[in-house]
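*Asks:* Listed here are the chains, written in short residue letters.
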Amino acid sequence: MSVTYVDAIREAQEKLLREDPRVFLYGQDISKFGGAFKATKGLAEEFPGRVLDSPISEDAMIGMAVGAAIEGMRPIIEMQFADFSSIAFNQIVNQAATHFYRTGVPVPLTVRLPSGGTPGSGPFHSQSMEALYAHYPGLIVVTPATVSDAYHMLLDAVALDDPVVYCEHKFLYRWLKAPRINGDQLPIGKARITRPGKHATVVAYSAMVHEAVRAADRLKEQGGWEIEVVDLRSVKPLDIDTVLASVARTGRLLALGEAFPWGGVTAEVVSRVCADGFHLLDAPPRRLNSRDTPVPYHPKLWAAHRPTPETICIALRELLSF
Amino acid sequence: MPTVSILMPQLGESIAEATVVRIGIAPGETVQTDQEVIEVETSKATMGVTTLCRGTVKEIYAKEGETYSVGTLLGLLEVTEEEIARTGVDTVEAAADRRTADAASPQQQEKNLHFALDDDSYEEAPAVVPSVKGLPVPTGTMGAHYISPRMRARMDDMGLREADISAIVGTGAGGRVTVEDLEKFLNYIDTWPSSNASPMRMAVADAMRRSWTRPLATVGLPVKLDRVLEHRRNQDPKPGLTLYVLRAFALALVEEPATAGFLIGQKVVHPRAFDIGVAVQVDDGVVVPVLRKVDQKSLSDLTKDYAEMVERGRRRRLSEDDLRGGIATVTNFGTFGLTSGTPIPLPNETLILGLGAGVKKPVWSNQVDAFIPVTEAELVVTFDHRVVDGGGAGVLLSRVAQLLQSPEKL
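Residue numbers (this note's numbering), protein chains in the order written: chain A, -6 to 315; chain B, 3 to 412.
Next comes chain A alone, as it looks inside the complex (with noise of 0.2 Å):
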């Protein structure tokens, strides 16, 4: 028996839905047909009336989640994909985002978004908006990489007061699997040291955790190297703390994240480590994105597109060559 990454995000709602109350589930065709992704399979069926499916309106689906978390719900939306949800962007950025700053009153809403590429889903079905919300002061933005960190975090996600926006990647969906999900959580804003190293270090987040690990054991077959892994798991807030310790030890930075080259969260957490760690570098901080194009959608194209094991070696390489 083993747990998918989907596994946990259903277990995690189904666990939600029967423990508080409050909570409900609304999105396209998660109902009885339990979503494209099957994260909500068979949990209408177990909690009539709290699966609710809605309307293709992204903007009426987080609008009516605000009013209903306003109320003192705990709505859990799901966005078929992460994409679709730039038609909700004012909803969540001018709403969700500033109702508390504005009237004292939280909104308690998580937004779920499928995040990130898979072969052959191209330019609408591919990306990974967890930036652009980040950007927002008001949200929280998390990134699980693991199973148990999908489950948990959904749990405290829920549980947070604050509006969250949950990028869960699709990649990540069937092919990560756990033989059971561990009871040793972190909380939200914590970062976690995948894997530990002593050369360089690569802060990655998401499906670019799992990359990182696999350029990391090539690298340690071809030349010894020790590169530590540093799985942000939530984007924002940003464990810098952990990155800074990290950089400590290696004195060389990789920032790996599978979302488009032009600022975001690589660039942020370069930006931070040039701030507060320029003392601990030993070379000038890299970042690897996937490339500035739209998402392509052949296969082929798309593996030429985002960071892979190859293009983190030939980084990491030059990173260490300096």
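Honestly, I wouldn't trust all of these hints.
[Claimed, not checked] Restricting the straight-line Cα-Cα distance to at most 25 Å, the calculated cross-link-like pairs of lysine-lysine (PhoX-like) are:
hint, chain 1, residue 1, chain 2, residue 2
1, B, K226, B, K411
2, A, K8, A, K31
3, A, K213, B, K186
4, B, K240, B, K226
5, A, K191, B, K240
6, B, K226, B, K363
Hints in this document: simulated from the structure, not taken from any laboratory.
Since chain A is already given, all that's left is putting chain B on it; use the hints.
*Replies:* Relative to the frame of chain A, chain B by itself:
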């Protein structure tokens, strides 16, 4: 009549601009092919800008003393059609026609659209990127000279400077010394006997290290000391030998004040007063008390000041004021029996004059037609070669030696 440009030529790989020193032509003058018409100076050399062909000077745009980048139009020549045909040089008119033709072509028109907001900037000549071996200048400081922020922070923590790690062979990229190299070295050094350096030792080390960042050179000549020694015998109290040299040095510097100048950026800062220090050996170090306005006091005036100051120096009772702001230093390493040396000036001074021990030598005299005994010592000066050259230092040194031959005038 067609016109031909006089352009600022590419004067070398790493030269991006040059200053016009002299314009040797005026409008209306006739010039020949390859005639040097404008003299320009770069950081490396003075060169001539030449004409491409025979013609008449139409206009001169360049001004003397101004600096122009490579490719700048400095002037125009009027050239006959025959001369153009003979030499095949490009004319201003032909270049303009080509641009019009290019601009009229659909391809070029499309390209120009991108510059619609930027008027006619697309007509500008491409910028000259000066380079050395393909790298933009100034070239980076990679390799053994690069100290990373991490390494720098670690060194600062330990109070280490570059000189302290000179013994370490770097194993990092490009031979860089890494933190690991440093730690290995320090662990090795820990196995050796050691003691704490005194504050005096640290002060001298700091001054010498800062001074050594400059290109220092030393020159010397023999000086006869007999007259000084004879003069000294008849004085009461007796001035020290160092004081004669100090006084002669001050008088020589009054004649050549630029020699003691200090280079800061593009400015030479000249001495404000001829205050000269004397190096005094103390326990585990050297102090340099400064005698004020040495040029304006006679030798006898200075004798008392000097004796008192040296004494205070030996007793380590010198005040900040005693030590502040000389323009040069005199050191008499001859007192240790040393005949030659290459002293290092203080970091805030350009010059240090050193005197070696006097040695009695037989010197042939044409006057008496025999060898006579002469006391000779080596007089050396170390100088910052950015400010002074060997020639200038030589003139200064010769003048000091000459003044020492008339001690009664000091």
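*Asks:* Does each hint hold? Answer for all of them.
*Replies:* Here is what the structure says about each hint:
1. Distance restraint check for K226 (chain B) and K411 (chain B): the Cα-Cα separation of roughly 16 Å lies within the 25 Å cut-off, and the hinted pair is therefore satisfied.
2. For the given pair, K8 (chain A) sits about 16 Å from K31 (chain A) by alpha-carbon distance, which is consistent with the 25 Å threshold.
3. Taken as a hint, the K213 (chain A) and K186 (chain B) pair is honoured in the structure, with Cα atoms around 23 Å apart against an allowance of 25 Å.
4. This hinted pair checks out: K240 (chain B) and K226 (chain B) have alpha carbons roughly 19 Å apart, not beyond 25 Å.
5. Between K191 (chain A) and K240 (chain B) the alpha-carbon distance is near 70 Å, which puts this suggested pair outside the 25 Å criterion.
6. Annotation: proposed proximity of K226 (chain B) to K363 (chain B) holds, straight-line Cα distance about 10 Å (limit 25 Å).
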